[in-house]
Each structure stands twice: as structure tokens, then as C-alpha cells.
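Chemist: Chain by chain, the residues:
Protein chains: 4
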Amino acid sequence: MKTGQLRYDIDEFIKNLTSQLVSWRRKFHQYPEIGWMEYVTTYYIAKELESMDYKLAIGTDALMTKQRMGIPKQQLLKESEERARRKGVPPNYMTKLAGGHTGLVAQWDTGRPGKHIALRFDIDALPIEEVYDHAHLPVKEGFQSQNQGWMHACGHDGHIAIGLGLAHMIKHFQDSLSGRFTLLFQPAEEGGRGALPMVKNGWLDDVDEFISGHIGIHSLSIGEVAATTNQFLASSKINVTFKGRAAHAGVEPEKGQNALLACATASLQLQGISRHSGGTTRINIGKLEAGSGRNIIADQGRMEIETRGENDELDQYMFNEAKRMIHATGDMYGVQTKMEVVGHAIDGTCDNEWVKRVEKVASQSKCIKNVHPVLPLGASEDVTYMMKKVQNNGGKATYLIFGTPLVNGHHHQAFDFDERVLPIAVEVIGRLIIYLQDEK
Amino acid sequence: MKTGQLRYDIDEFIKNLTSQLVSWRRKFHQYPEIGWMEYVTTYYIAKELESMDYKLAIGTDALMTKQRMGIPKQQLLKESEERARRKGVPPNYMTKLAGGHTGLVAQWDTGRPGKHIALRFDIDALPIEEVYDHAHLPVKEGFQSQNQGWMHACGHDGHIAIGLGLAHMIKHFQDSLSGRFTLLFQPAEEGGRGALPMVKNGWLDDVDEFISGHIGIHSLSIGEVAATTNQFLASSKINVTFKGRAAHAGVEPEKGQNALLACATASLQLQGISRHSGGTTRINIGKLEAGSGRNIIADQGRMEIETRGENDELDQYMFNEAKRMIHATGDMYGVQTKMEVVGHAIDGTCDNEWVKRVEKVASQSKCIKNVHPVLPLGASEDVTYMMKKVQNNGGKATYLIFGTPLVNGHHHQAFDFDERVLPIAVEVIGRLIIYLQDEK
Amino acid sequence: MKTGQLRYDIDEFIKNLTSQLVSWRRKFHQYPEIGWMEYVTTYYIAKELESMDYKLAIGTDALMTKQRMGIPKQQLLKESEERARRKGVPPNYMTKLAGGHTGLVAQWDTGRPGKHIALRFDIDALPIEEVYDHAHLPVKEGFQSQNQGWMHACGHDGHIAIGLGLAHMIKHFQDSLSGRFTLLFQPAEEGGRGALPMVKNGWLDDVDEFISGHIGIHSLSIGEVAATTNQFLASSKINVTFKGRAAHAGVEPEKGQNALLACATASLQLQGISRHSGGTTRINIGKLEAGSGRNIIADQGRMEIETRGENDELDQYMFNEAKRMIHATGDMYGVQTKMEVVGHAIDGTCDNEWVKRVEKVASQSKCIKNVHPVLPLGASEDVTYMMKKVQNNGGKATYLIFGTPLVNGHHHQAFDFDERVLPIAVEVIGRLIIYLQDEK
Amino acid sequence: MKTGQLRYDIDEFIKNLTSQLVSWRRKFHQYPEIGWMEYVTTYYIAKELESMDYKLAIGTDALMTKQRMGIPKQQLLKESEERARRKGVPPNYMTKLAGGHTGLVAQWDTGRPGKHIALRFDIDALPIEEVYDHAHLPVKEGFQSQNQGWMHACGHDGHIAIGLGLAHMIKHFQDSLSGRFTLLFQPAEEGGRGALPMVKNGWLDDVDEFISGHIGIHSLSIGEVAATTNQFLASSKINVTFKGRAAHAGVEPEKGQNALLACATASLQLQGISRHSGGTTRINIGKLEAGSGRNIIADQGRMEIETRGENDELDQYMFNEAKRMIHATGDMYGVQTKMEVVGHAIDGTCDNEWVKRVEKVASQSKCIKNVHPVLPLGASEDVTYMMKKVQNNGGKATYLIFGTPLVNGHHHQAFDFDERVLPIAVEVIGRLIIYLQDEK
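Protein chains in written order, with full-length UniProt numbering: chain G, 1 to 440; chain A, 1 to 440; chain L, 1 to 440; chain C, 1 to 440.
Worth flagging that the hints you see were computed from the coordinates, not collected in a lab.
Hints are supplied without guarantee of correctness; some may be wrong.
For chains that are exact copies, the list does not tell them apart, and a pair is met inside one copy or across any two.
Unchecked claim - With a cut-off of at most 25 Å between alpha-carbon atoms, the simulated DSS-like pairs for lysine-lysine come out as follows:
id	residue 1	residue 2
1	323	255
2	255	287
3	47	73
4	15	96
5	78	115
6	78	140
7	115	396
8	338	323
9	356	369
Keep in mind it's a predicted model, so treat the numbers as computed, not measured.
Could you put together the complete structure from these sequences and hints?
Modeler: As C-alpha cells, then:
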């Protein structure tokens with residue numbers, strides 16, 4: 001097949017795929033599931049890929065059980081699994097997925113020698129209650145979250161659609177391709193929990209080219225693309241538990257050991273960790289639950305915390321400061337302190353080669369308006385574990401950013417993006433794959 | 001009937017009732033229900049009283065809907081009602097009780113002119129997870145809580161048993177009695193929510209003698225009784241909600257309005273309200289829930305708080321201080337503040353007449369070892385609304401304390417009492433009722 | 001001398017003394033000196049007593065050096081001593097007083113066998129800046145503090161005047177008296193520092209009757225007197241120092257160990273120590289100084305704290321809580337913590353005999369309108385060390401309260417009292433002394 | 001004079017000047033004075049410049065009274081002035097300098113047409129107590145601070161020496177120079193207070209070339225120089241006062257309005273202002289003084305605060321957050337709040353021309369080992385007011401950094417630098433001045 005023809009065929013393929021991309025995105029938006037509980041999500045993805053004859057690895061085949069962090073409580077898992085069964089996920093799937101073994105890996109082997117290219121898409125939602133407002137597109141168009149309290153507020157619903165689109169594209173253009181393709185549909189990206197267990201199962205060990213990316217991040221126009229990303233913040237996700245002693249708050253308050261006040265104190269102290277001259281740092285106490293009733297001195301308190309740093313050293317600084325403060329807070333109130341690391345992301349760097357590659361590809365496309373050589377992420381992404389693995393073995397990795405206007409920021413309860421970004425993302429990555437076939 | 005014979009008959013009656021009292025207590029202990037959700041509890045009490053031909057008032061007949069405070073969320077009510085149905089509470093009961101209309105009033109009219117005597121028993125449990133330890137009697141004997149996370153940790157299970165025992169006693173000795181009897185099985189004492197709606201329905205309007213009381217409080221020996229109680233702390237129960245703005249904690253933390261830190265700050269500030277030279281005060285932040293996820297700036301926070309004071313003025317001082325601090329905290333973080341009073345108890349005084357009465361009764365009993373004229377409560381009890389109503393109309397009221405050793409304090413997850421206190425409480429109140437028939 | 005005549009003579013004596021009492025009070029008010037630096041004050045008292053032939057003990061003769069707590073820094077002492085020299089205190093006095101050996105003990109021996117009666121007056125001022133307002137009597141009448149930043153804001157200027165008045169009275173009526181008299185002009189009452197070193201020098205060892213007292217406390221009318229006082233709060237006075245590491249706040253804030261934030265945290269935590277069901281407790285962080293400059297992370301912080309309790313156990317509870325919190329705060333910020341007890345007062349009880357005695361004396365007086373058997377202090381007074389010493393040896397002790405209206409509370413910068421209380425206090429104590437001569 | 005000869009003469013001149021530079025530096029190190037109180041410092045500088053026939057502007061001639069911020073309290077000024085008089089500053093100087101009119105401007109006019117070159121040196125010390133340790137050079141060599149509690153801990157003693165050295169150099173090479181020279185010896189750089197009042201007096205209005213700089217900052221080797229500096233942090237210096245109500249902490253704590261706790265709360269809240277995704281921010285509460293005595297509820301509290309931002313907008317964000325929090329804290333405690341801006345620095349940029357210039361000059365020197373085109377400051381410097389003024393009128397400005405190893409960071413109580421940096425700084429600036437004569 002000649003390049004000129006292929007280029008035309010891609011335009012045609014993308015054009016035909018567009019309504020399907022929107023349809024997928026809206027379907028997943030309606031059924032958001034949070035990390036390690038993407039049972040229905042994984043099943044829907046699997047069914048789609050099976051119909052295209054991809055070879056699938058699910059459950060412990062996809063990821064290493066022990067490397068998973070931040071697994072939800074048993075009861076929550078059970079409830080989600082029950083819901084998935086009611087939603088129609090068949091027993092043979094549930095057996096593999098049960099206990100938080102979500103996500104999957106799909107492989108396509110052209111049978112011809114060539115590069116091993118890996119693509120990664122994250123699939124989890126967030127514990128955010130979606131806004132009910134008719135100005136919010138999912139509400140207006142009737143595809144808002146049906147799982148109360150959970151929401152695709154970071155665009156991973158779009159990422160799944162892009163991944164499925166690319167799976168179709170690889171199959172469609174299989175005769176023009178050589179080498180092997182690995183598509184990783186990663187669970188539990190939020191909290192930095194799902195990448196490492198996939199890496200540990202060896203999927204990235206011999207990858208030559210690695211592509212992942214994100215829609216949005218910055219509020220750009222449709223057609224803007226960043227070829228690489230920097231400012232991946234290293235991050236530690238920490239759960240803290242204080243255990244004190246209950247007492248009647250009126251009759252003998254002095255007998256209590258107040259775990260609620262320990263949480264409150266730790267929250268304010270952590271928020272006050274000094275800025276660092278070495279670069280960007282972050283701290284957030286995202287969730288706090290303490291106490292059982294109004295007239296009881298709280299004997300239990302629990303916090304979900306994260307630290308971040310522009311590099312691993314800065315995150316370590318934040319972590320060490322937090323650790324000292326949390327233990328001192330326990331001593332302050334005479335309560336027992338437990339501190340557990342439940343997620344982790346490292347820093348990361350994209351390879352410069354991708355700037356030239358994306359610029360080349362952009363020159364072939366009618367839809368890509370502007371290529372930024374690099375844009376900052378300013379957040380954490382455990383994709384860095386995959387990128388570093390590929391790079392350590394001599395491969396090249398990048399993390400693209402696909403521009404779309406954002407009415408509200410990521411993780412906002414009215415987050416939404418312009419769905420026109422979906423076909424553009426498929427086109428950019430698709431054209432990159434084809435470009436890589438012949439790259440000199 | 002001669003007094004000597006009656007005295008002997010009471011001993012005999014109490015002796016025969018004892019195993020039944022223990023059996024009732026253990027049954028209710030196994031099925032604890034928290035305030036406004038005592039559906040099964042109310043039904044069991046009702047069935048027992050119906051079998052004795054008491055005239056019952058249930059639902060809106062028993063209490064005034066609008067006067068209720070601190071009603072649980074709709075969803076919690078629904079879940080409890082569903083559970084009650086599964087537990088066998090029939091539809092005709094559920095219709096009356098639904099929506100948090102628990103508790104009941106039982107009446108017995110001797111048909112003979114005489115005093116109107118009212119007895120009050122509180123029936124609600126606490127949101128405490130019962131300890132699972134074989135040294136804990138309910139575990140050892142297999143009657144621990146079957147409602148996970150809820151527990152009769154204040155002895156109200158015993159109070160119900162005492163109330164049922166007294167209902168039997170009144171029926172048994174009906175020929176020796178004159179006047180009328182009203183037995184109030186009050187819901188939602190914890191949080192100071194259930195007494196006022198019963199008062200407002202008029203049950204206490206023409207009461208001559210009012211008796212309530214509590215087992216335990218102080219760790220006394222079996223056989224010790226306090227004829228009156230002082231130090232009823234006035235109390236305000238307050239729910240506070242902060243509403244801020246969510247934002248991605250890594251990408252743009254400055255966009256958030258942090259409701260979790262508002263909760264933490266308010267907690268520490270409230271805890272620091274200055275002591276008052278006028279007397280005892282208390283503050284407790286018993287419950288705090290804020291935030292939805294680790295990497296999101298929390299946009300929601302909620303606290304359950306109570307203030308107390310040795311008298312109404314001191315509670316008002318605490319309330320005013322808390323109010324100012326809570327609103328200033330909202331301003332501190334630029335979040336919206338909502339403050340709702342969900343319960344209230346006033347101060348109270350027992351009438352001195354009861355000291356002589358209880359001493360008289362004690363002299364007739366083999367089981368009462370020691371009468372304290374007065375003991376301090378040091379806590380809040382919305383029974384004070386009933387007492388004050390009775391006293392305002394010229395009646396006399398008291399609140400007895402029945403001694404029992406306590407291994408752990410009230411509201412402790414291993415709270416327990418010595419069941420020998422049950423027959424003693426029935427005997428003291430029963431003999432008081434009979435004594436009041438002939439009092440000069 | 002007959003009793004009737006004596007009673008008349010006392011009236012006459014007091015009447016003549018009144019303008020002198022006011023004059024003394026105003027002189028001392030103009031020259032307030034804080035604890036252990038009452039150099040000029042002691043000298044003025046000494047001169048007055050020497051002129052009456054009292055036998056004086058000054059310096060280490062009056063108090064035991066090692067038992068003193070909370071001695072000001074060397075430099076402050078030096079400055080005060082220099083000022084005293086400039087004010088005319090001669091070298092022979094300064095030699096004895098130097099280094100914080102202020103206060104004195106004056107003895108009068110009638111040479112006749114009889115009781116040993118001790119009277120105690122505290123002489124120190126407070127580090128409060130007196131208000132400059134013409135509505136404030138000392139300003140209006142031109143006798144406001146000449147020592148900037150220091151003020152007699154607790155009425156000890158009045159106590160000195162009363163003490164000198166009684167010294168005159170004892171001398172004047174010496175022929176009607178028998179036994180011995182010891183007048184203790186105690187330094188450093190504020191902070192609970194001066195009583196114990198006097199006790200340790202043996203002055204109270206064989207005392208039969210001990211009288212001290214306070215003007216004001218409650219806002220009563222002139223002529224009201226309390227025969228005894230209760231609610232002496234036990235108290236611990238604590239200095240806390242945090243030592244961290246300075247760093248440039250802009251260039252490398254992470255290098256600092258912030259002693260200022262340690263002080264802030266400790267302050268809020270201490271303020272939040274739980275109330276105790278056992279009775280009244282108090283905590284106050286009265287002074288905080290931290291940091292050296294705006295753009296430097298503070299490496300030094302210092303706090304002056306006090307705890308109180310209705311009895312020694314409750315103060316110990318507060319002290320223990322404070323200790324744990326202070327050390328945990330040091331750990332929180334990685335700073336060195338030093339905690340030093342610089343003052344202490346124990347609880348105390350007055351002997352009931354004094355109620356009858358004061359009532360008797362009141363019946364002889366035209367000026368005493370009302371005798372309260374007992375009034376609460378609600379504060380700390382190290383006079384309790386003296387009282388307990390006397391009581392342990394079989395003597396009787398009381399602490400009188402002399403009513404006066406108070407426009408502003410004690411320790412307020414516009415504190416003032418009605419000077420008519422001065423002759424009444426002299427009369428009450430003077431008549432008590434005379435009454436004790438003949439008591440059966 | 002030929003360039004070759006001149007280059008040689010400079011080497012010779014610098015060599016001869018070196019011991020004098022060290023001697024000046026040590027003299028000023030011994031007599032550190034903090035901002036607006038550099039009376040002796042200014043006098044010493046003036047005497048030296050007068051002896052070289054510079055034309056001096058002192059007092060209100062040098063700076064605009066009203067534009068000064070953060071003037072110390074009257075009493076502190078008076079004490080410093082008294083000390084200066086004792087130290088020998090004659091009345092004609094004191095008259096001009098009194099009331100915080102320190103610093104001076106020295107002018108040299110060659111009489112030949114040419115550029116107007118301005119040099120700026122800051123002269124103030126810090127309120128830091130110098131360490132007494134024989135490993136610390138000033139102690140070892142006996143030139144440690146003689147003003148207890150004050151210290152040249154930022155190297156401005158070195159800056160003064162460099163300024164005097166350059167004054168000598170200009171005079172020495174006057175025949176090779178044309179145009180005019182203005183040397184600004186600026187007071188009160190710490191706190192960002194002294195630059196603007198000099199700018200407002202017009203000294204920078206027609207300046208063509210502006211040079212200032214700093215020794216140290218980064219721990220570099222002797223001989224390293226940065227031609228320009230970036231990351232000037234915009235900064236606001238704020239004094240906060242809380243005024244509450246005093247009360248006796250034992251007797252009636254509820255009557256107090258606690259200004260000390262307001263300071264503590266504000267400190268912790270300010271420290272917790274959220275990081276900003278837009279770039280570097282800083283906050284420091286550098287000094288806190290509250291309360292008057294241990295047993296008094298504190299009615300006064302005072303804090304010295306600074307905010308910083310990588311640019312003016314980020315500093316404004318910090319300032320606005322701080323403002324809201326400080327006022328909310330006042331409301332929290334019911335105390336009056338006063339917030340006063342006492343210093344300000346803006347962001348700033350050096351002109352790129354200087355990189356080429358310094359590299360040129362370095363090529364002529366034996367001592368300059370390495371030229372960094374740019375190094376970050378990471379701190380605030382009110383020199384930015386001068387730079388911006390010059391640049392707005394078309395002039396060029398830079399801020400050099402002169403490398404020296406630092407055992408301890410700036411503002412550390414054992415801060416010191418390697419004195420070999422002094423002749424290098426004189427040489428770099430001196431050669432720049434000569435280079436600018438002929439620049440094409």
C-alpha cells in the first residue's frame with residue numbers, strides 16, 4: 001500500500017469511527033467505577049476486544065496480585081462484585097476479576113518481524129458525585145453517572161474510547177503493520193496503584209515504543225497536541241489511622257483519647273509543611289472520617305493523604321515531614337498511630353525523539369492545528385513506572401496531551417470535555433504507529 | 001389487702017420476674033437500634049404490652065412530628081425500615097412507625113380516682129461497634145449485637161426490661177392501685193431529641209408524680225440507690241456543614257476551597273473554647289466526615305457537635321462561642337457554612353420529697369442496701385423537658401440512679417452492667433408507686 | 001484597759017489612720033515592681049517598720065535562696081537594681097536584696113506569754129501597662145504607675161498599706177496585747193513563687209493563728225467581708241522553650257526548624273486540654289515570644305504557661321497533659337524542648353473557727369455590714385503553703401476577703417478599687433488580733 | 001592611557017586594596033545595625049567618602065521620608081541614636097540621620113560627557129544573635145558583633161567594603177573615566193524598605209547603567225560569578241496586631257478575648273496557605289510577641305509576616321489569602337485586627353547585555369574562573385525598584401552574584417563567607433565600569 005493512499009484511508013477510517021467513539025465514551029461515562037472495582041468496565045472492554053480477535057490477559061494474568069496497593073475494603077469489593085453480577089458480568093469473568101483484579105492486557109501479533117509497540121489507557125473513575133445541572137452535557141444528553149457518588153471526572157471514559165478506537169484501527173490496517181502491539185487497559189490510575197502490578201508481570205519488558213497520554217489537562221483548543229510532557233510529580237499515597245479510647249463526652253471527658261482531634265491536628269500540621277527551595281511540592285488531606293457519635297469522644301479516625309514532589313527527592317522530603325508529624329500527633333493525643341503507603345508514583349521523562357515524530361505526523365493531518373514540543377503535567381501519573389521500564393531497556397516512551405477546552409477542571413463535579421478530541425487522539429496515535437513502521 | 005401481705009407479695013413477684021427481666025434485656029441487647037430507628041424495638045415492646053391489655057399510642061399519636069430534631073437521612077431510615085420488615089414487623093405497625101416515628105406510650109387506668117403517675121424509659125442504642133471479646137458478657141453468653149456498628153452501650157436495653165417489668169407489676173397488683181398510669185417508652189434520648197415531641201403531645205400535662213432514672217452512671221454496688229439526681233447538663237446538639245470547591249490537588253490546588261481543613265480548624269478551635277468561671281461546661285466534636293478522595297481538595301465537610309453547661313446559661317455561652325468560631329472558620333477558608341441545631345436538653349431539678357419517699361421504701365426492702373439522697377449526673381438527659389412540664393403544673397418529679405458495678409464506662413464498646421440491678425430497679429419504682437397510693 | 005474603752009479606741013485609731021492608708025497605697029501604686037524585683041518597695045516598707053522599732057529580717061534571713069522559683073533573667077535583675085539605686089535605696093539594703101532577695105519579715109514580741117500570730121501581705125505588681133484614661137482614678141489623681149509596663153493591677157498596693165496600718169496598730173495597742181507577732185511582707189505572689197521560700201526559713205513553724213486575705217476578688221459592697229475562702233486552685237507555673245534552626249525564609253525554608261510554629265501549635269493544643277469531670281481546671285498561655293525577624297525561620301520560642309486545678313490532683317492532670325503535648329509539639333517540628341516549673345501553688349482550706357470569730361468581731365464594728373461565712377477564690381494563691389504549714393502544726397489559718405466594688409476585674413489595665421476598703425481591712429484584722437487575746 | 005597598561009594597573013590596584021577591604025569588612029562586622037538604625041554605619045561610610053572628596057547626600061536629601069516603610073518604634077530609634085552619640089557620631093550628622101534617615105548617596109562627576117553609572121550597596125544587619133564559637137571566624141579573629149542580638153549575617157558588611165573599594169577605584173582611575181557616578185549606600189534592604197524612598201528622590205531617573213549584586217547566595221567557589229540573576233521574589237512585609245481584652249486567667253477566663261491564641265491560630269493558618277500551580281510562593285511568620293504575664297489572658301499580640309511570589313501576581317495571591325485568614329482569625333477570637341504593610345519588593349529582570357559584558361571582563365581577569373550567564377536568587381531584593389526605574393527610562397541593569405563557599409546559609413547565626421570574594425567583586429564591577437566607557 002502506498003503512503004499517499006494510506007494517509008487518505010486513515011482520514012476515511014477516522015471519519016467513520018467518530019460516532020462510535022462518542023457512543024463508547026458515553027456508555028462508559030454512565031457506568032463509572034473506581035480503582036480496583038472496574039468490573040463492568042473491564043468486562044465491556046474485553047467483550048469489544050474479543051470480538052476483534054485480540055488475545056486477552058485478565059486477572060492475575062494481567063497483573064501481579066502482591067504489587068497492588070490501596071485495595072478497597074473487602075465489603076466494598078463484595079458490593080461492587082455483586083452489582084457487576086447484577087449488571088450481567090458472567091461468572092467466568094467474575095472468577096478472574098474478583099477481589100480487585102481489574103483491567104486487562106490485549107495483544108496483537110502481526111506475525112511479521114518489527115517493533116513491539118505498547119499503548120496504555122487508564123480506565124478508572126473517581127469518588128465524586130456528578131453535578132445534576134442541565135448545563136452539564138452528560139445530564140443534558142442523558143448519559144450522566146448511574147453509580148451514585150462515582151463519576152468519570154478525569155476523562156478516563158474518553159481514554160477507554162480512544163483505546164478501543166485504536167484497537168479497531170490496528171486490526172483495520174493490519175496488513176500495513178508489522179511487529180507486535182500490546183494494549184494495556186490499566187486499572188486504578190487514580191492513587192497511583194495500577195501501573196506497577198502490570199509492569200511487574202513483564203508486559204513492558206521488551207517494548208520498543210511506548211505511547212500513553214491524556215486529554216485535557218490544560219484548557220487548549222481542539223487540534224492542539226503536546227508531543228511530550230514534563231513535570232510528572234512523584235507522589236506517595238498514604239492512609240493514616242489513629243486509634244484512641246472512647247468515653248462519654250459529658251460524664252468523663254478526661255477518660256477519652258481523642259482520635260478525631262488527632263486527625264484535625266494532623267491535617268493542619270501537614271498542610272503547613274514548609275515549601276522547598278528545590279521545586280514544586282504538594283500535600284493534600286483528601287478524606288477524613290472520625291468518630292462514631294456526637295456524645296462520644298472519638299476513638300477512631302482515618303485520613304487519606306497524598307504528597308507530591310517535582311522529583312522523587314522532593315516527594316521523599318514531603319513524605320518524611322508528613323511521617324514525623326503524623327507520629328508526633330499520635331503522641332500528642334496518646335493515641336495509636338498507623339501509617340500505610342497505599343500508592344506511589346515516581347517522576348518521569350519523555351524521550352525527545354517524539355517531538356520530531358509528532359511534528360511529522362501533524363504535517364500529514366488536517367485536524368492537528370498546533371504541536372507543542374512539551375507541556376507540563378503538574379500532577380502524578382503512575383504511567384511513569386511503565387515509561388521508566390521501557391526506557392531502562394532501551395525503548396522510547398512518550399506521554400501525549402490532547403487539547404480540548406475545559407469548562408471545569410479535572411476532578412470537578414461538572415468536569416466535561418469536547419468530544420471532538422476523541423478522533424484526533426486516535427488519529428495522532430494511529431498515525432504515529434504507522435509512522436514508526438518505517439522510521440529511519 | 002393489708003400492707004404486710006402486700007410487702008411479702010412484692011418480694012415474691014420480683015423473685016419470679018427476675019429471669020424474665022434478664023431474658024428481655026438480652027433480647028433487646030441483641031437488637032440495638034439508634035434514635036428514630038427503633039422500629040423492631042418499638043414493635044417488641046408493643047406486642048408485650050398489648051398482651052397485657054395496655055392501651056397504646058404509637059406514631060403520631062405518641063409524639064408530635066414537627067418537634068422531632070435530628071432525624072436521620074431518608075436513606076438510612078429506609079434501610080432501617082426495610083430491615084424491620086425483614087425482621088417481621090407487620091405492615092400495620094410499619095405504616096405508623098415509618099419516617100422515624102418510633103417509641104410508644106402505654107396507659108393503664110384503674111378506674112378508681114387517684115393520682116396520675118408517669119414512668120419514662122428510654123429505648124435507643126448507640127452507633128458503637130460492640131467489642132468482640134470473650135471477657136465481655138454479651139459475647140460470652142451469645143447475646144451480643146446483631147446490628148453491626150450499633151450497640152446498647154448505655155444500658156437502655158435494661159431500661160426497657162425494667163419498663164416491661166413495671167407494666168407487669170402494675171397489672172399484677174391492679175386491685176391494690178387507684179388512679180392512672182402512663183408509661184412512656186421514649187425514642188432518641190441520645191442526642192436529646194425524643195422527649196420534647198412526647199411532651200408536646202400532652203402526655204405530661206396532668207401528671208402528679210413522675211419517675212424516671214438510669215442504671216449505672218457511677219460505679220456503685222448492687223443495692224445502692226440515689227433518690228434524686230442533680231447536675232443535669234443543659235446541652236445543644238449541632239450539625240455543621242461546610243461547602244467549598246473541589247479542585248485537583250496536584251494540578252491547581254489554589255483553586256480549591258478546602259472544606260476538610262475548615263472542619264479540622266473548627267474542631268481544634270471549638271475544643272479550645274475557654275472554661276467558664278460560672279461552672280461546668282463541655283464541648284465535643286463527636287463525628288467528622290470530610291472529602292471524597294485523596295487527590296481532590298475536599299469540597300464537603302460535616303461535623304456532629306454538642307455543647308453542655310451546668311445550667312442553661314452556661315450551655316448558651318458554649319453555644320454562642322461555638323457559633324462565632326464556626327462562622328469565622330467558614331470565612332477563614334472561604335467556604336459556605338451551615339449550622340443546624342438537631343437536639344437540645346435543658347437543665348433540671350428533682351423534687352426533695354423523693355428523698356424521704358425512697359428512704360421509706362428502702363426500709364421495706366431486703367435488697368436496697370443504701371440510699372444516697374442525691375448523686376450527680378454530669379451529663380445531659382432530655383427527661384428534663386418532662387420533669388419541668390410536670391413540675392410547672394404542680395407535680396413532683398425525680399430521676400433515680402440504680403447502682404451497679406461498671407467494668408467500663410457508658411458509651412464504651414465493652415460497656416456492661418450487672419443484671420442484678422434489674423429486679424432492684426423494678427422493686428424500687430414498684431414500691432414507690434404503691435407507697436404513693438397512701439402517702440399522707 | 002476595759003473592752004468597752006478599747007472598742008472605742010479602735011474606732012478612733014482607725015479613723016485617724018485612714019488618710020495615711022490612702023497615702024501609702026498611692027505611693028506604692030506609683031512605684032509598682034514585679035516579682036523578685038520589689039527592691040524599692042521592700043526598702044520603703046522596711047524604713048516604715050524600722051521607724052516603729054520592728055525587728056526586721058531581710059534577704060537570705062527572710063527567705064531561702066534555693067527555694068525561690070521563677071527568678072527573672074540576670075539582666076532584668078541588674079536593670080531593676082540599678083533603677084533602685086538611682087531611686088535612693090542605700091547600698092547596705094541593696095547588698096542584702098540583690099539577685100532577687102526581696103520581701104521582708106517583721107517581728108514584734110510583747111514580752112508577755114501568749115499566742116504567736118502571723119499576718120501575711122503580698123507586695124508584688126504585674127507586667128501590665130496601666131491605662132492612661134482620666135476616668136481611671138490613679139490617672140485622675142496623678143498617682144499612676146511611673147514604671148512603664150508594670151502596674152499594681154491586683155491590689156497588692158492596698159495590701160502593703162493594710163500591712164503597715166496593722167504594724168502601727170500593734171505598736172499602738174501593744175499594752176493590750178500579749179504573745180508574739182510576725183508580719184510577712186511576701187514577694188512574688190504572682191506566679192506562686194514567694195511563699196515557699198519564706199516557709200522554708202521557718203517563720204511559720206510555731207504559729208498559732210495565721211491571717212491573710214485579699215481585697216476585691218468579687219465585686220461586693222464596702223463593708224462586706226468573707227470570714228473564710230475556698231476554691232484555692234492548685235497551680236503550676238511553667239516556662240517552655242523551643243530551640244530550632246534558623247534559615248532564610250525565602251531561599252531555603254526547608255532548612256529551618258520552626259520554633260515559632262512550635263509555640264503556636266503548643267498554644268492551641270494546650271488550650272484544648274479536655275475538661276475534667278472531677279472539677280474545675282484552668283490553662284493559660286499568658287506570654288509567647290518567638291522569632292527574631294520577619295524573613296528568618298524562627299529558631300527560638302518561649303512561652304509562659306500556667307495550669308490550675310480545684311485540687312492538687314486536678315492540677316497534676318493538667319500538668320501531665322500539658323507535658324505530653326509540649327514534648328509532642330517539639331517532636332512535631334523537630335525542635336529541642338525545654339520545660340521548667342517556675343512556680344507552684346497547692347490547694348488549701350480555711351479553718352471553720354474563723355467564721356464565728358469574724359462574726360463576733362463584726363458585731364463590735366460600725367463598718368462591717370455583712371459577713372459571708374465563705375466565698376470562693378477561684379484562683380491560685382501560694383499563701384496555701386503558709387496555711388498548710390500552720391495547720392500541720394496544729395495552728396488555725398484563714399484567708400479573708402474584703403469587699404469593694406470593682407469597675408474592672410483583677411489584672412485589667414484599668415483595675416481599681418474603692419480605697420474605703422483599706423481602713424475596714426485594718427479594722428477587721430486588728431479586732432481579730434485583739435479578740436484572739438482573750439478567746440476561750 | 002592604553003588599555004593594556006590599564007589592565008595591569010587594575011591588577012596592581014586591587015592587590016594593594018585587598019587588606020583594606022578585609023579591614024573595612026571586619027570593622028563593619030563588629031558594628032552591625034539593623035534597618036533604619038544604621039547611624040554609626042552611615043557615619044563611618046560618610047567619613048571615608050568625604051576624605052575622597054565625594055559629594056554626599058544624607059538624610060532627607062538621600063531619601064524621601066514618607067516613602068519609608070517599617071520604621072522601628074520611637075523608643076528603639078531613640079536608644080540607637082543615643083548609642084550612636086556615645087559611639088562618637090557628631091551632632092551635625094545625628095541631626096540629619098535622626099528618626100531613621102540612614103544611608104547615603106555619594107556622587108562623582110568626571111566633568112566629561114559620558115554615561116551615568118549607578119552602583120548600589122546595602123548596609124543593614126539582622127536581628128540575629130551571633131554564635132559564640134571559636135570555629136566561627138569573627139570569633140576566632142576577634143571581630144564578632146559588639147551589638148548584642150544584632151549581626152551581619154547576610155554579608156552586607158562585605159557589600160559596604162566593596163562599595164568603599166569601588167569609590168577608591170573610581171577616584172584612583174578618574175582620569176580614565178568620563179560621565180557621572182552615583183553610589184547608593186542603601187539602608188533597610190532587609191524587609192524591602194530602603195530602595196523605594198531612594199528611588200522616589202530621583203537618584204535613578206537618568207541612569208544609563210545600573211549594577212548591584214550580592215556575595216554568596218549559592219555556595220560557589222571563589223572566582224565564580226553570575227552575570228545576571230533571576231527569580232527575584234516579589235514580597236510583601238506585613239505587621240499584624242490583635243487587640244483583645246485582658247482577664248484573670250483563673251478567676252474569670254471567659255471574660256478574656258485572647259490575642260495570643262489569635263496569633264497562634266493565624267500563624268498556623270498562614271503557614272497552611274495552599275501552594276499555587278503558577279509557581280514559587282513563600283510565607284513566613286518570623287516574629288510573634290503576645291501577652292504580658294502568665295496568669296493574664298493576653299490582650300495584645302503582634303506578628304511580623306512576609307509573603308513572597310515568583311512574580312507580583314503570586315505574591316498578591318499569598319497576600320490576599322493571608323489577609324482573609326488574618327481577619328477571620330480576629331473574628332474567631334472576637335479581637336480587633338490591624339494589618340499594616342511595612343515593606344514591599346517587586347519582581348525583577350536583569351538585561352541580557354550583561355552576560356556578554358561580564359564574559360568580556362572575565363577574559364581580562366586572572367581571578368575570575370567561571371561566568372554563569374544567570375543564577376537564581378530565590379529571595380526578595382528591593383533593588384528591583386531601582387532596576388525597574390532604570391529600565392523604564394531605557395537604561396540597563398544587572399544584579400551580579402559573587403561566588404564564595406558558605407559554611408552556613410544566609411541569616412544563620414554562624415553565617416560567614418570567604419573574604420577573598422571582596423577584591424574579586426571590586427575587580428568585576430571596576431572592570432565593568434571601565435569596559436562601559438568604550439562599549440560599542
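Chemist: So, for every hint listed, does it hold in this structure?
Modeler: Quick rundown of the hints versus the structure:
1. 323 / 255: between (27 Å within a copy, 17 Å between copies)
2. 255 / 287: between (27 Å within a copy, 18 Å between copies)
3. 47 / 73: neither (28 Å within a copy, 39 Å between copies)
4. 15 / 96: neither (36 Å within a copy, 61 Å between copies)
5. 78 / 115: This pair counts as neither: shortest intra-copy Cα distance 41 Å, inter-copy 58 Å.
6. 78 / 140: neither (33 Å within a copy, 29 Å between copies)
7. 115 / 396: This pair counts as within: shortest intra-copy Cα distance 11 Å, inter-copy 55 Å.
8. 338 / 323: The answer is both: 10 Å in one copy and 23 Å across copies each meet 25 Å.
9. 356 / 369: within (15 Å within a copy, 38 Å between copies)
The earlier numbered hints that this structure contradicts are 3, 4, 5, 6.
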